[in-house]
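K.L.:
Read in order, the letters of the sequence shown are residues 16 to 299 in my numbering.
By construction, these hints were calculated from the structure, which means they are not laboratory data. Be careful, since some hints might not be right.
SDA-like cross-link-like pairs, simulated, lysine to any residue; straight-line CA separation at most 20 Å [as the list claims (entries may be wrong)]: (1) Lys85 to Ala40; (2) Lys26 to Lys240; (3) Lys127 to Leu290; (4) Lys25 to Arg268; (5) Lys80 to Glu115; (6) Lys240 to Pro153; (7) Lys26 to Glu208.
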Amino acid sequence: MDDRQAIKEKKRIVIKIGSSSLTHAETGNLDLEKMEKLVRLLTDLRNSGKEVVLVSSGAIAVGRKMLGLKERPADISGKQACAAVGQASLMTIYQKLFSEYHQLTAQILLTKYIMINDISRQNARNTFEKLNEMGVIPIVNENDTISTEEIKELGLGENDTLSAIVAALIHADLLILLSDIDGLYSDDPRKNEKAEFISLVPELTEEYITMGKGAGTSFGTGGMKTKLSAARIAADSGADMVITNGNRIENIRAVLNGEPVGTLVLAHKVPNFHLTNYISGKEE
């Protein structure tokens, strides 16, 4: 069985969607049609026997629009205020959409301090396990309303990193990162038309890491560099990871069908993997 076909057998899956994939580029408002497709697909995966965790950005972006702010606030308290307003609204929309398919969801907000504390980290893992047993889809975000380190991208980072940490925490088989480009390229394809697409990364060497580019939109914070950092956590913990275009929600299904969509980074579980080392920055 080749690497792509092996994905069909993955059972525990973490899917991360970013702000740029959830919103209309022209206005920054939520793309409800895309969200509905995402919800229907995730519910169907759950119905087929897969265990699904969704890591969703968007709280600050949603709050910013609801508050009528044209730009993302530069100050921490402004971002926290946007997150406080936006997180409630975002979860309300998710719950409404999931309820149409009779799928229960749960909100889990994490911080760096939860993950570095042994007791809190184990409690978080137990919560994920119980929710999966109950058939619930957890929706995860950073607790931006009270955290300062995370919101400044000094703690867990942003949600690319968070999703990899969640994948490692729950011993996921696969992490899918929905990006605003098709996958990993040898250079930024938006600036270099000769950039080559990379379909498979058998091992995440330094050569691939250096290809990471700090990219983003006015509504997102992540770039390819953060996705490759996330790939290192996921792969070292024993999970395959796929980077694919979030503008086409159906790419999730294509990935799980073993189709050559996006960039596949193969797992290479390291001996004595310790998640706290990656959070504290002891691992390169």
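K.L.:
Which numbered hints does this structure break?
P.N.:
The structure conflicts with hints 2, 5, 6 and 7, although it agrees with all the remaining ones.
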